[in-house]
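2 protein chains.
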Amino acid sequence: MKPIGEIIKEKPWVGWVLFFGTMVIVFLLGLLASTIVERRAEAVFAYTPQVEHEQWEPRLEVWGMNFPRQYETYLQTADTTFESKYYGARKIDMLAEYPELVLLWAGYAFSMDYRQGRGHMHAVDDVRQTLRIGSPLKPEENMQPGTCWTCKSPDVPRLMKEMGIAEFYASTVSELGPEVVNPIGCADCHDAKTMQLQITRPGLIEAFQRQGKDVAKATHQEMRSLVCAQCHVEYYFKGEGKYLTFPWDKGFSMEDMEAYYDEINFSDWTHKLSRAPMIKAQHPDYEIFRFGVHYDRGVSCADCHMPYKSQGGVKFTNHHIQSPLNDVANTCGVCHREDAAKMVQNVYQRQDALHQTRTLLEETLAKAHIEAKYAWDNGAKESQMMRALKLIRGAQWRWDYVAASHGASFHAPFESARVIGLGLEMAQEARIEITRVMAGMGYADPIPMPDISTKAKAQEFIGLDMKTLNAKKKVFLETAVPQWLKEAQEREAQYPTKNI
Amino acid sequence: MKPIGEIIKEKPWVGWVLFFGTMVIVFLLGLLASTIVERRAEAVFAYTPQVEHEQWEPRLEVWGMNFPRQYETYLQTADTTFESKYYGARKIDMLAEYPELVLLWAGYAFSMDYRQGRGHMHAVDDVRQTLRIGSPLKPEENMQPGTCWTCKSPDVPRLMKEMGIAEFYASTVSELGPEVVNPIGCADCHDAKTMQLQITRPGLIEAFQRQGKDVAKATHQEMRSLVCAQCHVEYYFKGEGKYLTFPWDKGFSMEDMEAYYDEINFSDWTHKLSRAPMIKAQHPDYEIFRFGVHYDRGVSCADCHMPYKSQGGVKFTNHHIQSPLNDVANTCGVCHREDAAKMVQNVYQRQDALHQTRTLLEETLAKAHIEAKYAWDNGAKESQMMRALKLIRGAQWRWDYVAASHGASFHAPFESARVIGLGLEMAQEARIEITRVMAGMGYADPIPMPDISTKAKAQEFIGLDMKTLNAKKKVFLETAVPQWLKEAQEREAQYPTKNI
Chain A
143 MKPIGEIIKE KPWVGWVLFF GTMVIVFLLG LLASTIVERR AEAVFAYTPQ VEHEQWEPRL
203 EVWGMNFPRQ YETYLQTADT TFESKYYGAR KIDMLAEYPE LVLLWAGYAF SMDYRQGRGH
263 MHAVDDVRQT LRIGSPLKPE ENMQPGTCWT CKSPDVPRLM KEMGIAEFYA STVSELGPEV
323 VNPIGCADCH DAKTMQLQIT RPGLIEAFQR QGKDVAKATH QEMRSLVCAQ CHVEYYFKGE
383 GKYLTFPWDK GFSMEDMEAY YDEINFSDWT HKLSRAPMIK AQHPDYEIFR FGVHYDRGVS
443 CADCHMPYKS QGGVKFTNHH IQSPLNDVAN TCGVCHREDA AKMVQNVYQR QDALHQTRTL
503 LEETLAKAHI EAKYAWDNGA KESQMMRALK LIRGAQWRWD YVAASHGASF HAPFESARVI
563 GLGLEMAQEA RIEITRVMAG MGYADPIPMP DISTKAKAQE FIGLDMKTLN AKKKVFLETA
623 VPQWLKEAQE REAQYPTKNI
Chain B
143 MKPIGEIIKE KPWVGWVLFF GTMVIVFLLG LLASTIVERR AEAVFAYTPQ VEHEQWEPRL
203 EVWGMNFPRQ YETYLQTADT TFESKYYGAR KIDMLAEYPE LVLLWAGYAF SMDYRQGRGH
263 MHAVDDVRQT LRIGSPLKPE ENMQPGTCWT CKSPDVPRLM KEMGIAEFYA STVSELGPEV
323 VNPIGCADCH DAKTMQLQIT RPGLIEAFQR QGKDVAKATH QEMRSLVCAQ CHVEYYFKGE
383 GKYLTFPWDK GFSMEDMEAY YDEINFSDWT HKLSRAPMIK AQHPDYEIFR FGVHYDRGVS
443 CADCHMPYKS QGGVKFTNHH IQSPLNDVAN TCGVCHREDA AKMVQNVYQR QDALHQTRTL
503 LEETLAKAHI EAKYAWDNGA KESQMMRALK LIRGAQWRWD YVAASHGASF HAPFESARVI
563 GLGLEMAQEA RIEITRVMAG MGYADPIPMP DISTKAKAQE FIGLDMKTLN AKKKVFLETA
623 VPQWLKEAQE REAQYPTKNI
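Protein chains in written order, with this note's numbering: chain A, 143 to 642; chain B, 143 to 642.
Just so you know, these hints were derived from the structure itself, not from any lab. Take these hints with a grain of salt, some might be off.
It does not matter which identical chain is used: a pair holds within one copy or between any two.
Straight-line Cα separation of at most 20 Å, DMTMM-like style, residue types lysine to aspartate or glutamate; simulated pairs [said to hold, decoys possible]:
| # | residue 1 | residue 2 |
| --- | --- | --- |
| 1 | K615 | E397 |
| 2 | K380 | D398 |
| 3 | K484 | D438 |
| 4 | K451 | E309 |
| 5 | K451 | E214 |
| 6 | K355 | D398 |
| 7 | K355 | D519 |
| 8 | K532 | D587 |
Assemble the whole structure, with the sequences as input and the hints as a guide.
Structural data, given as structure tokens:
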């Protein structure tokens, strides 16, 4: 082949083609470079702080000025339109859906009111609205300690700093009412200076310490689960001071935590019907998650509930914390190549199957409580009932470990099914025991069951005066809460922030 | 830049470098081509038929002459050294491991003898050795029909062709003893001319027909499971003719097959202790597999139990059918990037968890049978016992659907746990019912439990004379079986094969 110079000499148009071709390529490269610079500029602009504030600053909108993308997406947790098959973000009345729950919690505040929580933005409001905190207009009317607020607001780390941790827990709901007003937010998980994830709740830090571990040494990926595990865990109110404590000293399994509670002879309440010493599981989400394959493979909570998102040149964590089923492409889709509909179907299959055995256990437990009451009513002695009551306690703990855990049927379907299976065996064993007690009193028929087919009937059966409770709540929401909000507004108006 | 010709004129060594460089590259290309040709030649050589034979040819070694790699690897299924945590290839005596099983099967042949099956090469021998077929020296001593041989040998399609299908089933074990001598082999799954996979057993073909489907239309990937599903399924012996039938008409789930059996009022036997009308699950491996994520993602049995293997230039299916845990790199490793030890651990976790609830259900069922017997012994009436017996039947079916299924804890751990959970509830409900029956007779104490802590004690409790049974088996193995083998040898010596 001839040198290019000679070719151009013979056919000058070849030279022009090369010249203009090169021009076009260089022009396109210029365009590309411009886009990169622009996107980079966007990214730099996005992270330019607008305001300086303290770590304890509880207001989301103040932190939000510096991180508008995170703030804006976080605000979307107020949305209540998404509805999954069983666990919608709508405020489902669980007692109306499953009236047996009223019986299972007889003598405990959950029997009055248990609604599916809404998104994080509603955390404080949902607490005010629930009957479970009562309707305290005067200090002595409180039925719950300050501990109840622990997970609800970035006002909590502020208050713990001001009051002391033990003092915070030992206070009352109404005492802290005017103080805890901002819903779960930035300061709960982030360092104000570096924006690094951080643990702000003593419960998790102390649980790690008792296990001989230092939570400060967790990796970033671990922190993407641990900031959630500050709250999405099993815990109990320890002693007179209602000190919030994680029962993790023996481990995370249903058996480990039961052994912990049994060892200290703990019970949340004595069941009103069966008189069994009960444990109420809170929401051992993180614990059950640890038994699933996603945890095993190193996936964090944020990977699925707060996936990465791009806007212009900026990649950031989507703070619209929600069910991954609402955003399959950016969550499951990162690792799994199946299409979204298929994966949603896979999750529903697991939910369906666990729903079946879980509700069966609910019905069985309701029977056990009713039958135990019948035995007491017919003169059973404590010595006769001891074994049955211990079995009821254990069976309901097994049920609640799974039922109270958000997303258990996805996070660890197999472990959940195992635990529910054990619960079924145990609840039935309690009923065998009670049947024998009744046999000893000459009674051989099936024990009659009350009509608890609706929430109202079940609540009436366990002796709740819902009319009075609801009326009191109305007064509380119309008088106490507005007063709390007014005090909070005046207080927050004094908070220092500095524009920069 | 100057044309290359000018550069070479100025610096002649540049020309030599280009020359020798090109030489080296061309030489390497030659080497590569040679390897490809050689590997291809090997592949062609490997598939050159050595012998011509008929489709019905039952002898593995004849087919093996044409397909030495498949044959040689298949021979390795004779190996019994691999041992997984629970389900080794060794011939584990399950009744010794779990003496409750003796009770669960009282009145049924499984209570005499139930050993973990060995590899496919032992299929015929394992049948001869088990007490479950009895020790028939004379025709009238048979306790099992010809149907028992259905899955054990490529002599079966040969015999079905010669005798007729219904006649095959309606014969006896000893009648077919001299005929069924080659262990499961090539002709069971392959077409002799094309080596395509094919279904040779009527049970599967007929089950598909009743579902309105044509098994001949299955894809190759489906066939890589369906050839296994000819045998690794739930089935029963229908009617007087003991016609082998799959109970799939309503579907594959535990509930679907139970509904099928209930509708036709089928029971395999009446339990000797409880008098419950029992169903014995065979090995619903394929059915349970359909509820797992691997089936859902299109994985076939062969993908994990018969992975591809390379030898020289030949890629072939490894016919050493075995636990994938023995070859993780070539099975799990094809899709999953975790290391082998991790994946084995994941499987063991599932086995452990299911083992816990499954054995709990075994203990519970044993109690239910014993308590039912106690009720009968104390004069319970049939009308009183009806509900308990129905519950026992259902609970044991739930247990057996999972327990009899090979690898259920891996194939579909969640579905298995669901079914076991339901079984636990149901078995306990049966015990509640019996407790009430006893209460009606003025009895309130726990029903005394016999010592069934060993296989021998359990077998004695249900009234088995193992000494006599074992002695008869010894005579049978020493007299009848050698005679069968002699007859078979003489017959096979007449078989036509043609070297080519």
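Comparing the hints with the structure gives:
Neither within a single protomer nor between protomers do K615 and E397 lie at most 20 Å apart by alpha-carbon distance, with minima of 38 Å and 47 Å respectively. In the homo-oligomer, the alpha carbons of K380 and D398 lie at most 20 Å apart inside one protomer (18 Å), although the nearest pairing across protomers, at 49 Å, exceeds that limit. With identical chains, the CA atoms of K484 and D438 are at most 20 Å apart between copies only, with a shortest distance of 10 Å across copies and 23 Å within one. In this assembly of identical chains, the alpha carbons of K451 and E309 never lie at most 20 Å apart, being 41 Å within a copy and 68 Å across copies at closest.
Proximity of K451 to E214 under the C-alpha cut-off of 20 Å is restricted to the intra-copy arrangement: shortest distance 13 Å within a copy versus 54 Å between copies. Within a single copy, K355 and D398 get their C-alpha atoms as close as 18 Å, which meets the 20 Å cut-off; across copies the closest is 50 Å, which misses it. Taking the closest pair of Cα atoms, K355 and D519 never come within 20 Å of each other, the shortest separation being 50 Å inside a single copy and 60 Å across copies. For the identical chains of this complex, K532 and D587 are inter-copy neighbours only, at 19 Å across copies versus 24 Å inside a copy, given an alpha-carbon limit of 20 Å.
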